[in-house]
Each structure stands twice: as structure tokens, then as C-alpha cells.
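*Asks:* Letter by letter, the chains look like this.
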Amino acid sequence: MLLVIWTVVTLVTLLMELVPGDPATTILGETATIEQIENFRKTHGLDRPAFFFSYSEDKGFVWNGAENRYLDYWRGLLHGDLGVSFRTGQPVTEMIAERYPKTILLAAAAMLVSISIAIPLGVVAGTNKNKFTDNVASFIALLGISLPTFVLGPFLVYVFSVKLGWFAPTGSAYAEDIVLPAITLGGALSAILTRMVRSSVIEELGEDYVRTARAKGLSERVVVYKHVLKNGLIPVVTILGLQLGVLLAGSIITEKIFNWQGLGLLLLEDGINKRDYRLVQGCVLVISITFILANSLTDFVYRRLDPRIRLS
Amino acid sequence: MNRLFYIGAFIAVTFVVVAIFANWIAPYDVTVPDLLTRYASPSSKHWFGTDALGRDVFSRVVFGARISLEVGISVVSVSAVIGILIGAFAGYFGGIVDKILNGYIFNVFLAFPGLLLAIALVAFLGAGLGKLILALCVIGWVGYARVMRGQVLKVREYDYVQAAKALGASSTRIIFTHILPNAIQPLIVQASLGMAGAVLAEASLSFLGLGIPPPAPSWGTMIEESRGFDILTSAPHVMFFPGIAIALTVLAFNFIGDGLREWLDPKQRSR
Numbered sequence: 001m002l003l004v005i006w007t008v009v010t011l012v013t014l015l016m017e018l019v020p021g022d023p024a025t026t027i028l029g030e031t032a033t034i035e036q037i038e039n040f041r042k043t044h045g046l047d048r049p050a051f052f053f054s055y056s057e058d059k060g061f062v063w064n065g066a067e068n069r070y071l072d073y074w075r076g077l078l079h080g081d082l083g084v085s086f087r088t089g090q091p092v093t094e095m096i097a098e099r100y101p102k103t104i105l106l107a108a109a110a111m112l113v114s115i116s117i118a119i120p121l122g123v124v125a126g127t128n129k130n131k132f133t134d135n136v137a138s139f140i141a142l143l144g145i146s147l148p149t150f151v152l153g154p155f156l157v158y159v160f161s162v163k164l165g166w167f168a169p170t171g172s173a174y175a176e177d178i179v180l181p182a183i184t185l186g187g188a189l190s191a192i193l194t195r196m197v198r199s200s201v202i203e204e205l206g207e208d209y210v211r212t213a214r215a216k217g218l219s220e221r222v223v224v225y226k227h228v229l230k231n232g233l234i235p236v237v238t239i240l241g242l243q244l245g246v247l248l249a250g251s252i253i254t255e256k257i258f259n260w261q262g263l264g265l266l267l268l269e270d271g272i273n274k275r276d277y278r279l280v281q282g283c284v285l286v287i288s289i290t291f292i293l294a295n296s297l298t299d300f301v302y303r304r305l306d307p308r309i310r311l312s
Numbered sequence: 001m002n003r004l005f006y007i008g009a010f011i012a013v014t015f016v017v018v019a020i021f022a023n024w025i026a027p028y029d030v031t032v033p034d035l036l037t038r039y040a041s042p043s044s045k046h047w048f049g050t051d052a053l054g055r056d057v058f059s060r061v062v063f064g065a066r067i068s069l070e071v072g073i074s075v076v077s078v079s080a081v082i083g084i085l086i087g088a089f090a091g092y093f094g095g096i097v098d099k100i101l102n103g104y105i106f107n108v109f110l111a112f113p114g115l116l117l118a119i120a121l122v123a124f125l126g127a128g129l130g131k132l133i134l135a136l137c138v139i140g141w142v143g144y145a146r147v148m149r150g151q152v153l154k155v156r157e158y159d160y161v162q163a164a165k166a167l168g169a170s171s172t173r174i175i176f177t178h179i180l181p182n183a184i185q186p187l188i189v190q191a192s193l194g195m196a197g198a199v200l201a202e203a204s205l206s207f208l209g210l211g212i213p214p215p216a217p218s219w220g221t222m223i224e225e226s227r228g229f230d231i232l233t234s235a236p237h238v239m240f241f242p243g244i245a246i247a248l249t250v251l252a253f254n255f256i257g258d259g260l261r262e263w264l265d266p267k268q269r270s271r
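Protein chains in written order, with my numbering: chain A, 1 to 312; chain B, 1 to 271.
One or more hints might be untrue.
Unchecked claim - Covered stretches of chain A, going by a simulated chain B footprint (3 or more residues, C-beta under 8 Å):
#1 208-214
#2 247-259
#3 264-272
#4 285-291
As the list claims (entries may be wrong) - Some chain A residues close to chain B (C-beta under 7 Å, calculated; not the full set):
#5 Thr13
#6 Leu14
#7 Leu18
#8 Pro49
#9 Pro148
#10 Leu164
#11 Phe167
#12 Ser172
To be verified - Think about it this way: if two alpha-carbon atoms lie no more than 20 Å apart in a straight line, the pair counts; the simulated SDA-like pairs of lysine to any residue are:
#13 B/Lys99 <-> A/Pro235
#14 B/Lys131 <-> A/Leu11
#15 A/Lys163 <-> B/Asp230
#16 B/Lys131 <-> A/Trp6
#17 B/Lys99 <-> A/Trp6
#18 B/Lys99 <-> A/Lys274
#19 A/Lys163 <-> B/Ser41
#20 A/Lys274 <-> B/Gly126
#21 B/Lys99 <-> A/Val8
#22 A/Lys131 <-> B/Leu4
#23 A/Lys129 <-> B/Gly209
#24 A/Lys163 <-> B/Gly209
#25 A/Lys129 <-> B/Ser170
#26 A/Lys163 <-> B/Leu53
#27 A/Lys129 <-> B/Lys99
#28 A/Lys274 <-> A/Lys59
#29 A/Lys274 <-> B/His237
#30 B/Lys154 <-> B/Ser170
Don't read these hints as lab results, they were simulated from the structure.
Please read these numbers as outputs of a predicted model, since none were measured by experiment.
Heads up, the beta-carbon is just placed ideally off N, CA and C, and yes, glycines get one too.
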């Protein structure tokens with residue numbers, strides 16, 4: 001995991017080198033004076049070499065030593081410093097810390113929505129395999145996977161804000177403002193989970209312990225909800241953990257639709273649209289690290305839940 | 001083959017035909033505004049109505065299919081070729097090569113949420129069709145590589161591969177003549193799901209303003225332009241039709257992918 005984190009940080013650091021031309025000119029515009037550009041470059045450390053070595057046609061390979069932007073970024077990172085915004089001069093860490101909880105809240109609410117939809121729907125589909133109810137549930141699930149957030153979101157706004165007037169179309173000021181964004185973001189995940197729960201339930205229903213439970217005279221409800229679901233949810237937990245990253249990335253679109261003041265909107269509006277590359281670097285890094293940590297945590301929980309994996 | 005596969009195939013063929021013959025199908029020019037007919041409701045003159053600039057929504061949806069198809073085919077073919085080559089290399093040679101590729105490189109690419117990596121690349125590279133395709137290929141090849149690696153690991157132990165080795169066939173010949181044809185089925189499933197993913201990713205990036213810039217009629221851009229509260233109140237059709245087009249196209253390729261997977265995997269067929 002540490003190797004992957006190191007590579008991700010390295011890639012994100014080097015992303016700045018992909019910017020066509022000089023970031024200083026891009027930010028300050030064509031009308032900026034040479035002095036302004038040099039000042040900007042100095043303030044943000046852009047006058048220092050990008051990496052340990054550099055190559056130019058006239059000088060060939062040049063060894064730059066430890067005084068380079070890559071190590072600067074690492075030094076800052078280890079002190080919790082992601083640099084300062086190219087636009088506002090505000091520390092990127094502060095800007096992210098302000099918005100991060102909103103995104104996590106949205107992702108958690110979306111997960112809750114998806115679990116609440118997926119478990120009952122998946123169980124109904126799984127216990128009625130190949131029957132009409134199963135076909136309907138499976139079709140809804142596939143429809144949910146295919147319906148992108150930027151189609152579902154405006155559609156929900158149309159129905160619940162424009163037609164019914166139940167919720168505000170945008171914003172994140174009031175508690176109820178989270179409902180539509182959470183359904184939008186959780187929609188696709190609930191579809192994926194439904195299919196997963198269905199598969200798991202079908203597989204577990206064929207196991208010996210289910211036959212034993214039925215032979216003991218337990219009701220079908222107890223068999224399904226107490227025995228089958230307990231084991232059937234193990235792979236679902238894995239998917240849930242792995243999908244956290246997808247939710248975080250997907251929240252960028254959802255936050256844009258509902259003007260939800262989270263990390264995604266910060267990345268998009270203050271970072272990408274205003275070409276604040278330092279802020280983009282910080283946001284991409286924080287989302288990626290969260291994703292990696294969530295995956296590792298999932299792996300840990302998975303091992304705890306399934307004794308067979310723990311023992312092996 | 002299940003019924004959903006045929007429904008998916010029908011929609012996908014329609015989508016391809018519409019994209020190819022867009023010039024003949026679309027009744028209006030998609031970029032020329034007509035401010036006298038702004039936000040016109042669907043009618044016999046404008047089947048899907050008109051948008052904020054009076055452009056015909058039906059014609060724009062039709063040409064949007066061409067953009068989606070172009071991006072989808074480019075991304076799937078480039079990603080598949082790169083992924084297949086790297087996956088075959090990792091699976092066939094194994095050892096340290098496999099450890100580096102499968103144990104490290106694949107994990108690094110999977111450590112980024114796909115859409116986020118594409119957003120980051122486009123943000124730093126700049127918008128445009130070529131850069132969009134490049135960004136989607138960067139996130140897309142790993143899926144093919146993993147599937148191909150898994151297949152190669154399985155197929156390379158078969159007797160006929162061992163026989164070819166014993167007869168002195170070169171590694172390239174064994175991979176492309178003996179292993180690839182027997183590993184192709186799951187790759188077709190992956191390509192079908194990859195097509196759905198590419199169409200969706202293009203529309204997502206265009207929706208975020210990071211894809212194909214206006215006035216090109218990308219479905220994502222069309223939804224972005226029409227999602228304001230006022231427009232949703234007075235002219236919901238502007239958002240509705242491109243939304244239906246994206247959902248149907250993605251659904252179609254998912255149906256095909258699912259149908260093929262089920263058909264190729266007897267275990268799933270019985271579920």
C-alpha cells in the first residue's frame with residue numbers, strides 16, 4: 001500500500017509538468033509583465049527544477065540534487081502542507097479541510113441510500129430466482145447502472161423540485177438538501193449492490209446449512225434474513241468499500257448538479273475552471289488517498305468477517 | 001443468449017446506424033442558431049423541440065451519437081490493443097515481469113478512481129477530442145490487461161500450447177496464434193462493457209466542461225446546458241432527450257456485455 005501511495009503522490013506531483021506551456025503565464029495571462037511572471041514563479045517555487053534531473057537540448061541531462069519541486073512537495077506533504085493556491089494564496093490544506101467533510105457526508109448518505117434500496121431488492125430478486133419479481137428487480141438494477149448521475153440528478157430536480165416542490169433544486173445549507181444528491185449519487189451503487197446481493201443470496205440458498213436450517217423448521221424469513229443474508233453480505237461489504245472511491249469521484253458530478261459545497265465542486269470550480277493547478281493537485285491527491293485507504297480498510301474488514309480468509 | 005442481449009443488440013445497431021448516417025437523418029444544421037425558435041416544444045417541425053439557441057434538439061441528439069461512437073470505438077480499440085499486449089506479456093512470461101506489471105503497475109492504475117484520473121489528466125492537458133480519448137485510454141487499458149493476463153495464465157498450461165512450445169514455436173506465435181483466439185471471449189465482454197463505460201465517461205467529462213467543447217453536440221454538454229431550474233421548468237425536453245439517448249446507449253452495451261457473459265459462463269446461466 002505504501003508503494004502505491006508513493007507512486008500516486010509522485011504521479012500527482014508530476015501532473016503539473018503536463019500543463020502546456022508555463023503555469024505562470026496560464027494563470028497571469030498573456031498581458032502579465034516579465035517581473036510579475038518571475039515573482040509568481042518564485043512565490044510558488046516554479047523557478048526551481050521539477051525533479052532530481054532535467055533535460056534540455058542545449059545542456060543535455062543536468063543533475064539538480066535535492067533542491068527540486070518534487071522533494072519540496074513531499075516535504076510539505078509530510079507536514080500536512082499541500083502548498084498554497086495559485087489564485088488566492090490560501091493554504092490548499094485549509095481549503096480542502098473546509099470542504100472535505102461535506103463530501104464524506106454526501107458519500108456516506110449515498111451509501112446509506114444504496115444499502116436501503118439494494119438489500120430488500122436483492123433479497124426479493126434472489127429468493128424469487130427467474131420469476132417475474134426477479135426479472136423486474138434485475139431490470140431496475142441494470143437501468144440504475146446505466147442511468148448516469150447527470151441524467152438522474154436533473155430528472156430528480158425536475159420531479160421533486162420543479163413539479164412537486166418538495167426540495168430545493170440546489171444548495172447544501174439545510175439538512176433536507178442532502179436527500180436529492182444522496183439519491184442521485186447512490187442510485188448507481190444501489191443497482192450494483194442489488195445484483196451483488198441477488199447473486200450472493202442465490203449462491204447461499206444452495207448451501208447445506210440452509211437445508212439444515214429449513215429442516216430444523218425455521219421459517220423462510222428467519223432462514224433468509226438470519227442465516228443467508230449474514231453470509232451473503234460478505235462480498236457485498238467488499239463491493240461497498242471498493243465503491244467508496246467511485247462515490248468520491250462521482251460526487252464531483254453530483255456536487256456540480258446540486259451546487260453541493262464539497263471537495264468535488266472545489267476541484268471543479270476553484271481548481272480546474274480557474275486553472276489553480278496547485279489546488280487541483282491537492283484535491284486529486286486527497287481523493288486518491290481516501291480511495292486507497294478505503295480499499296485497505298475494506299480488505300481488513302473482509303478478513304475479519306470471513307474466518308476462512310483470516311485463517312488462510 | 002437471453003432476451004436482453006437481443007434488445008441491447010438492436011439498440012446498439014440503431015445507435016451505430018444513426019451515428020454513421022447522421023448527415024442524412026438530421027434535418028437541421030446542429031451549430032447554426034435560430035433565435036426566433038428558442039425553447040420551442042416538440043412538434044412536427046422539431047421532433048425533440050429546440051434549445052436555448054433555437055437549434056434542433058433531434059439533430060443534435062443524432063450527431064451526438066456520432067461523437068459517442070467515435071470516442072467509444074477509439075477508446076475501446078486503443079485500450080484493448082494496449083491492454084491485451086501488456087496482459088499477454090505479464091501472463092505469458094510470468095516471474096518478475098508479472099510481479100512488476102500485475103503486482104505494481106495495475107494496482108497503481110486501479111488506485112485512482114477512473115473518472116478522477118481522467119478529470120485530472122484533462123484538467124492538466126486541456127480539453128479536446130484527442131486529449132479526451134487519450135485520458136480515457138489511460139484509465140481503460142488496465143481492465144483488458146487484467147482479463148488477458150488471467151486468460152493467458154489459464155490457457156498457457158493447456159496441452160496444445162505445450163505442444164506448440166515443444167515444436168519450437170516462438171513466444172509471439174504462441175501468444176497470438178494459440179493463446180489469443182482462446183482467450184478472446186472474455187475480452188469481447190470486456191469490450192462491450194468498455195464501450196458503455198467510454199460513452200458514459202465522454203458524456204460525464206463533457207457535462208463537467210472537460211470534454212468536447214461547444215458547439216459540438218455532445219450529449220453530456222447538451223444536458224449541462226439545459227439543467228438550470230428555469231429551463232427545467234419551461235423546457236424540460238432539452239434535457240430529457242439527450243438523457244434518454246445516453247441511458248439507452250449505455251443500457252444497450254451493458255445488456256450486450258451481460259448477455260455475452262452469461263452465455264459464455266454456464267455457471268452464471270444457471271443462476
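*Asks:* Each of the hints needs a verdict: does it hold here or not?
*Replies:* Hints versus structure:
Requiring three or more residues with a Cβ within less than 8 Å of a Cβ of chain B, the coverage given for the region 208-214 of chain A is violated, as only 0 such residues are present. With a threshold of 8 Å between beta carbons, the proposed coverage of the region 247-259 of chain A by chain B holds, since 7 of its residues qualify and at least three are required. Counting residues of the region 264-272 of chain A whose CB falls under 8 Å from any CB of chain B gives 4; the rule of at least 3 is met. Using a Cβ-Cβ cut-off of 8 Å, 3 residues of the region 285-291 of chain A lie near chain B, which meets the minimum of three, so the contact claim holds.
For A/Thr13, the interface hint is violated, since its Cβ never comes within 7 Å of a Cβ in chain B; the closest pair sits about 12 Å apart. A least Cβ separation of about 10 Å between A/Leu14 and chain B goes past the 7 Å threshold, and the interface hint is therefore violated. Interface restraint check for A/Leu18: the shortest CB-CB distance to chain B comes to about 4 Å, inside 7 Å, so the restraint holds. Interface restraint check: A/Pro49 against chain B, minimum CB-CB distance 19 Å, threshold 7 Å, status violated.
Annotation: interface hint on A/Pro148 holds; nearest CB of chain B at approximately 6 Å, less than 7 Å. A distance limit of 7 Å between C-beta atoms decides the matter here; for A/Leu164 the minimum to chain B is near 13 Å, and the interface restraint is violated. For A/Phe167, the shortest C-beta to C-beta distance to chain B is roughly 12 Å, which exceeds 7 Å, and the interface hint is violated. Hint on A/Ser172 is violated. Least Cβ distance to chain B is approximately 16 Å, over the 7 Å limit.
The hinted pair formed by B/Lys99 and A/Pro235 fails the criterion: a straight-line CA distance of about 26 Å is larger than 20 Å. Taking the CA atoms of B/Lys131 and A/Leu11, the gap is about 18 Å. The hint holds against a cut of 20 Å. For the hint linking A/Lys163 to B/Asp230, the alpha-carbon distance of about 12 Å falls within 20 Å, and the restraint holds. Restraint check: the Cα-Cα separation between B/Lys131 and A/Trp6 comes to about 26 Å, which exceeds 20 Å; the hinted pair is violated.
A distance of roughly 18 Å separates the Cα atoms of B/Lys99 and A/Trp6; the hinted pair therefore holds under the 20 Å criterion. A distance of roughly 41 Å separates the Cα atoms of B/Lys99 and A/Lys274; the hinted pair therefore is violated under the 20 Å criterion. With a C-alpha separation of about 18 Å, the suggested pair A/Lys163 and B/Ser41 falls inside the 20 Å cut-off, and the hint holds. Annotation: proposed proximity of A/Lys274 to B/Gly126 holds, straight-line Cα distance about 12 Å (limit 20 Å).
The straight-line distance between the Cα atoms of B/Lys99 and A/Val8 is roughly 18 Å, inside the 20 Å bound, and the hint therefore holds. Proximity of A/Lys131 to B/Leu4 is assessed by CA-CA distance (about 15 Å); at most 20 Å being required, the pair is judged to hold. Proximity of A/Lys129 to B/Gly209 is assessed by CA-CA distance (about 43 Å); at most 20 Å being required, the pair is judged violated. A hinted pair counts as satisfied when its Cα atoms are at most 20 Å apart, and A/Lys163 with B/Gly209 does not qualify at roughly 28 Å.
For the hint pairing A/Lys129 with B/Ser170, the CA-to-CA distance comes to about 49 Å; that exceeds 20 Å, so the pair is violated. Proposed proximity of A/Lys163 and B/Leu53 is contradicted: the alpha carbons are some 25 Å apart, above 20 Å. Taken as a hint, the A/Lys129 and B/Lys99 pair is broken in the structure, with Cα atoms around 41 Å apart against an allowance of 20 Å. The hinted pair formed by A/Lys274 and A/Lys59 fails the criterion: a straight-line CA distance of about 34 Å is larger than 20 Å.
Distance check on the hinted pair: A/Lys274 and B/His237 sit about 31 Å apart at the alpha-carbon level, beyond 20 Å; violated. Distance hint between B/Lys154 and B/Ser170 is fulfilled; the C-alpha atoms sit about 19 Å from each other, no more than 20 Å.
In the structure shown, a violation is registered for the earlier hints numbered 1, 5, 6, 8, 10, 11, 12, 13, 16, 18, 23, 24, 25, 26, 27, 28, 29, in ascending order.
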